[in-house]
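Novice: Chain residues, written in single-letter form:
Number of protein chains: 2
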Amino acid sequence: MGRWEPGADSRLREAAIELFLERGFEQTMVADIAERAGVTARTFFRHFADKREVIFQGAADLEEWSLAALEKAPATASALETVEVALDATARLLGGDHGFARKRQAIIESSAELRERELIKLNSLSARLEEALRRRGFGDLDASLAAATGIAVYRVAFERWAGAAEDGDLREVIRDTMIHLRALTAAE
Amino acid sequence: MGRWEPGADSRLREAAIELFLERGFEQTMVADIAERAGVTARTFFRHFADKREVIFQGAADLEEWSLAALEKAPATASALETVEVALDATARLLGGDHGFARKRQAIIESSAELRERELIKLNSLSARLEEALRRRGFGDLDASLAAATGIAVYRVAFERWAGAAEDGDLREVIRDTMIHLRALTAAE
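Chains as they are written, first to last, in our numbering: chain P, 1 to 188; chain Z, 1001 to 1188.
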């Protein structure tokens, strides 16, 4: 066991993000991250399982948070409205730090491995939302379609938001993208 | 170079599907597949890069086919209608053999590796559809939202169709799922 290192977690995260942007994700080694943060590799591994986890840490908590919000949606909400409640909660949690999200998104887009991991993570969230909708009494088709469509909207919205040069509110971008979807499907 | 073996390709595919269903995908070795098909492992590798390819062979052709259909969509079609034309063509190509699709789907659902691969494949199709919509002059938001939503509908429809006990027409299931999406988004 090493010494307790105050702030090592956030120093490691900042060092990793810097290095991923400077050198690329694949080219950055855990030893480089530890060195930049001024700690040992052993300290790194007390905080993260591997360098990928620096990018995806918190994903499981986010899923729980999103599902807990869904459970509190009004009983009268439609399947898609129920999913919107869950996505809005996700946005409240993630939308606070636009600068970090923008950098994180650039790193994910630069690496096939990270893009696949992000895709799998969103698919896992979609499956859990679908399951929760079924438990609320929605039919199979409503549940799977509302979850899959909600996640599609979320993904498009998140990329719009994280890719924008100016700061914005992720919750508003999600709402706006949902309105856009309604126009797109109603137009025919 | 080995001898030419008539029908080795389809014998290998049938043997692989049987074994994946009997023993599981992870537990089946290339040597087992070759043995069941009555050919050598060397013959297997002349037809497939690995055992996963037995399940995903043709995916690249399918993408091209789908994009070629999109290019022929009427110029007056909306972004979502244009995607529907591409998905309908995909269904025409894939929807012919329900028995095979049902088995293939059961195999994919049984393996985390195959589920991830399928997800990545659909995401790649979505990105290509989006790009094609942009080339047709649709704005970024219309293009990304129509492609992502179209793929969400396709995925739900394909799982409904492949999971159904009775034979059905994949094209009809896609059309029906799209109508259902319109109802879901219009209901609020």
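Hints are computed from structural coordinates only; laboratory data are not their basis.
C-beta: ideal position from N, C-alpha, C; glycine also.
Check each hint, because a few of them may be wrong.
[As the list claims (entries may be wrong)] Partial list, derived from the structure: chain P residues whose beta carbon lies under 7 Å from chain Z:
| hint | residue |
| --- | --- |
| 1 | I17 |
| 2 | L114 |
| 3 | E116 |
| 4 | L122 |
| 5 | N123 |
| 6 | S144 |
| 7 | A152 |
| 8 | I179 |
| 9 | R182 |
| 10 | L184 |
[Claimed, not checked] Computed far set for chain P versus chain Z, every beta-carbon distance over 12 Å:
| hint | residue |
| --- | --- |
| 11 | A31 |
| 12 | G96 |
| 13 | E131 |
Novice: Indicate, hint by hint, whether the structure satisfies it.
Specialist: Results for each hint:
With its C-beta approaching chain Z no nearer than about 24 Å, I17/P sits outside the 7 Å limit, and its interface hint is violated. Checking L114/P against chain Z by beta carbon gives a least distance of about 13 Å; that is not within 7 Å, so the hint is violated. Annotation: E116/P was flagged as interfacial toward chain Z, and the flag holds, the nearest CB pair being 6 Å apart, inside 7 Å. With a least beta-carbon distance of about 9 Å to chain Z, the hint placing L122/P at the interface is violated under the 7 Å criterion.
Interface hint at N123/P: satisfied, since its Cβ lies 6 Å from the closest Cβ of chain Z, which is below the 7 Å cut-off. A least Cβ separation of about 5 Å between S144/P and chain Z falls short of the 7 Å threshold, and the interface hint therefore holds. The interface hint given for A152/P is met, as the beta carbon of that residue sits about 4 Å from the closest beta carbon of chain Z, less than 7 Å. Residue-level restraint check for I179/P is violated (minimum Cβ-Cβ distance to chain Z is 10 Å; threshold 7 Å).
Because the smallest distance between the Cβ of R182/P and any Cβ of chain Z comes to about 5 Å, under 7 Å, the interface hint for this residue holds. The beta carbon of L184/P comes within 5 Å of a beta carbon in chain Z, closer than 7 Å, and the hint placing it at the interface holds. No beta-carbon of chain Z comes within 12 Å of the beta-carbon of A31/P; the shortest separation is about 29 Å. G96/P, annotated as away from the interface, keeps every beta carbon of chain Z farther than 12 Å; the closest lies near 24 Å.
Under the 12 Å C-beta cut-off, the non-interface status given to E131/P relative to chain Z holds; the minimum distance is some 14 Å.
Violated hints, listed in ascending order, are 1, 2, 4, 8; each of the other numbered hints is respected by the structure.
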